[in-house]
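Participant: Chains as they are written, first to last, in this note's numbering: chain A, 5 to 285; chain B, 19 to 499.
These are computed hints drawn from the structure, not numbers from a lab. One or more hints might be untrue.
Stated by the list, open to error - Lysine-lysine pairs mimicking DSS-like chemistry, simulated, CA-CA at most 25 angstroms apart:
#1 A:K35 with B:K199
#2 A:K163 with A:K35
#3 B:K409 with B:K385
#4 B:K199 with A:K161
#5 B:K409 with A:K163
#6 B:K348 with B:K385
#7 B:K266 with A:K161
#8 B:K394 with A:K246
#9 A:K163 with B:K284
#10 A:K161 with B:K38
#11 B:K258 with A:K161
#12 A:K206 with A:K216
#13 B:K284 with B:K249
#14 B:K409 with B:K147
#15 B:K199 with B:K147
Said to hold, decoys possible - To spell it out: a stretch of chain B is covered by chain A in this simulated footprint if at least three of its residues, at any positions, have a beta carbon under 8 angstroms from a beta carbon of chain A; those stretches are:
#16 79-90
#17 113-126
#18 294-301
#19 370-379
What you are looking at is a predicted structure, and each value in this text was computed from that prediction instead of being measured. Each residue gets a CB set at the ideal place from its N, CA and C atoms; glycine is no exception.
Here are the chains, one letter per residue:
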Amino acid sequence: MIHDFLAIGALACFTLGALAAIAGFRFAAFKRSGWQFFFAGLGALLKSAAIGAACRSATTHFFNSDADIYGLMAWALALSYLLALFVSGARSLGALALPVVAVLTLMSIVSDDTQTPMSTPPALFATHIICAFLGYGLFLTACAASVLYLEQNRLLKRKTFGVLFQDLPSLERMERLEILCSRLGLFVFTIALGTGIEMALKSSGTNWLDWKIVSTFVTWLVFFALVTGRAMHWINGRTAAKCVLAGAVLVFITFTLGHPQEKHAAVPTMRSIPAVCGRFA
Amino acid sequence: MSAAISHGEALSVIGLSHHKAPVSLRERLAFRPEDVSKALGGILARGFHEAIILSTCNRVEIYSVAGEGGDPGVRIREFLSEYHGVPEADFSGALYHHRGIDTIRHLFEVAASLDSQILGETEILAQSKEAYRVASESGACGRTLRSVFERAFFLSKELRADGGIGRSQASVSSAAVALAKKLFELENRTVLVVGTGEMATGIVRALKSAGVADIWVASRTESRAQEFAAKEGGKPCHMKNLEDYLAKVDIVLVSSAAPHYIIGPKEIEAIASKRRNRTLCLIDISVPRNVDPAVHDLDDTFLYDIDDLEEVARDGRMEREAVAARWRPKLAEDARELLRILHGSEPRETAKKLLEHAEGLRDTITKEYTRGLDPKAAEALSRALERLQGKLLHGPLDTLKQAAREGGGTDASAWVSRLFRLQNDAANEAVSGDRAFKSPAPKEGPSQDKADEPCKRRDERTDAAPERMDSGGSDVAFAAN
């Protein structure tokens with residue numbers, strides 16, 4: 005029960021952070037990244053506490069209900085965003101990332117939280133799922149940086165020097181952030197891939213041509229190619245940003261293809277409003 | 019010249035600016051610094067008494083005091099068209115023409131940067147002073163334009179001291195830095211400066227203070243590149259190796275006076291493989307432009323010209339607009355006051371000239387008729403002539419004095435000049451007296467030279483005139499003032 009209240013607190017913080025990020029484009033008082041750092045940081049803290057509390061109260065495996073998955077995704081994205089904000093100070097990134105975090109947190113509250121018993125060792129599964137989600141979060145943050153890069157590039161090419169132009173960071177800063185998130189994402193995603201393979205080997209009857217496994221591997225390949233190509237100076241600038249966007253589409257496909265393994269529903273089951281209300285009654 | 023054209027009426031400005039004319043048009047009508055003196059000669063040859071050419075990246079303006087020869091606007095348009103080889107139809111729609119008080123007010127606003135795209139920019143004052151200096155040295159700047167320009171410089175300084183406008187240090191330099199910062203972090207970047215113009219200095223300094231590490235300087239004149247590099251802490255390089263440096267650097271600042279493109283898409287494409295898709299920022303502040311605009315269409319290459327920089331620098335305009343709004347009425351009032359002074363000086367000049375003319379004649383007659391006379395008789399004759407002069411001139415001088423006080427000084431001056439055949443009216447005197455322009459324009463006929471010599475002698479006597487004259491002392495005082 006306590007984790008639900010903590011999640012609601014996190015939702016409030018993420019929503020305020022998102023509003024502050026959007027208001028920053030118009031009001032000078034919100035132009036400093038301090039507001040977003042505060043709200044996103046507090047939200048991430050509350051969300052971490054919510055996840056911890058949920059883990060303690062879990063009867064079977066944690067991280068395998070729809071509510072857990074959305075919550076974990078929100079948490080991973082919030083952490084990635086905080087890292088990006090800390091490294092680059094790119095305040096405008098919050099206008100893209102924080103609304104998504106808020107929506108995911110909301111979905112984690114209203115989604116089905118029924119957990120499924122699994123044969124996989126809990127520690128291995130937890131490592132796999134945390135690394136996978138952190139990877140997703142970092143890749144999505146890289147995607148947000150790419151969107152901003154492409155937008156700033158467009159404004160610079162069209163010579164449109166409006167409010168958005170003034171607020172967006174430099175192309176170089178966005179590119180650096182994009183590559184940093186891609187590298188870190190690739191690192192944790194590789195761990196997730198390794199643990200995923202181990203889990204697949206342990207569970208008998210795994211189909212290696214499962215769409216989820218294929219899309220995960222393709223996502224990994226795209227980001228590996230991007231990071232390598234960038235390191236070798238083969239690609240950069242707009243090409244790199246477009247590669248990240250392509251990778252983000254794959255992340256989305258991989259994510260929606262179903263979690264956890266034992267659940268085969270591509271579309272998560274939503275709890276009915278009375279059920280949600282009943283949880284807090 | 020028709021004396022009926024007063025200082026105020028003959029004073030005009032014709033030009034075009036960023037308000038209506040894009041840089042592509044401004045660059046076609048821009049004057050190269052080394053050609054301004056020659057161009058001034060061309061204007062004076064068209065019957066103008068004074069002229070100043072203000073040619074900056076924002077504007078091309080010709081301030082003039084017109085003489086006879088028809089509408090000054092038509093003459094300047096013809097001059098611009100012939101000088102630059104641009105059909106009138108191409109630019110006449112963007113031209114503005116202010117006369118009299120509007121000219122003065124316009125110049126005040128220009129020099130104070132209230133008419134600039136970047137309110138509070140500092141370059142325009144220096145550019146106006148340079149235009150004034152060149153015109154003065156060429157002998158094209160007379161009393162009227164000198165009065166107007168010097169007052170404009172004074173007011174500009176006063177306005178900047180007021181704060182607000184100058185405080186934000188908005189300028190092309192800071193805009194260039196702000197724009198470059200949207201492309202990359204400036205720390206440890208390398209800059210190539212092509213051309214060593216005044217504005218390039220400002221931008222280089224701004225870039226350096228933003229953290230730029232290396233500065234390479236290329237110029238068509240090698241000594242200038244060396245001098246610039248030594249002054250700004252850069253390294254000189256050869257123009258012929260431009261492509262090698264283009265491959266290395268991150269920012270290229272072009273401020274050359276070349277009349278054609280120095281850098282085009284070919285040059286950039288040639289170095290693309292060497293650059294390995296690194297972003298290249300080109301800032302072209304030359305007018306006419308020296309970088310082909312097509313360069314901007316290439317990947318990873320960004321080109322900005324002077325109009326773009328000024329667009330960027332609009333940030334913070336509201337605060338400065340408030341200061342500008344406060345100052346505009348004051349500038350308009352100052353313009354009216356200056357015009358009053360200019361109008362008032364015209365009858366005074368004519369009165370002075372009339373006195374000098376009369377004293378010259380009296381002097382000649384006295385010398386002629388007192389030769390051989392005893393001193394007493396000579397003195398009596400001299401006094402008689404002096405009294406006669408005083409009485410004869412009392413009427414015209416009083417009329418001029420009254421006209422200066424009540425208005426209509428221009429007409430009165432014109433009539434007096436015509437009646438007494440004063441060879442130079444006030445406006446013309448401003449030209450002939452203040453300048454040593456050796457222009458081909460013939461001015462006021464052969465009597466000019468003859469009149470000059472006695473004038474020197476007459477000047478010495480004018481100071482003592484009030485003591486010696488029985489009547490018309492106040493007239494002389496009026497003329498002397």
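Participant: Now look at each hint and say whether the structure bears it out.
Facilitator: Against the structure, the hints:
{"no.": "1", "hint": "A:K35 with B:K199", "result": "18 angstroms, holds"}
{"no.": "2", "hint": "A:K163 with A:K35", "result": "23 angstroms, holds"}
{"no.": "3", "hint": "B:K409 with B:K385", "result": "21 angstroms, holds"}
{"no.": "4", "hint": "B:K199 with A:K161", "result": "15 angstroms, holds"}
{"no.": "5", "hint": "B:K409 with A:K163", "result": "74 angstroms, violated"}
{"no.": "6", "hint": "B:K348 with B:K385", "result": "54 angstroms, violated"}
{"no.": "7", "hint": "B:K266 with A:K161", "result": "22 angstroms, holds"}
{"no.": "8", "hint": "B:K394 with A:K246", "result": "109 angstroms, violated"}
{"no.": "9", "hint": "A:K163 with B:K284", "result": "22 angstroms, holds"}
{"no.": "10", "hint": "A:K161 with B:K38", "result": "23 angstroms, holds"}
{"no.": "11", "hint": "B:K258 with A:K161", "result": "29 angstroms, violated"}
{"no.": "12", "hint": "A:K206 with A:K216", "result": "17 angstroms, holds"}
{"no.": "13", "hint": "B:K284 with B:K249", "result": "32 angstroms, violated"}
{"no.": "14", "hint": "B:K409 with B:K147", "result": "47 angstroms, violated"}
{"no.": "15", "hint": "B:K199 with B:K147", "result": "32 angstroms, violated"}
{"no.": "16", "hint": "79-90", "result": "violated (count 0)"}
{"no.": "17", "hint": "113-126", "result": "violated (count 0)"}
{"no.": "18", "hint": "294-301", "result": "holds (count 4)"}
{"no.": "19", "hint": "370-379", "result": "violated (count 0)"}
When each numbered hint is compared with the structure, violations occur for hints 5, 6, 8, 11, 13, 14, 15, 16, 17, 19.
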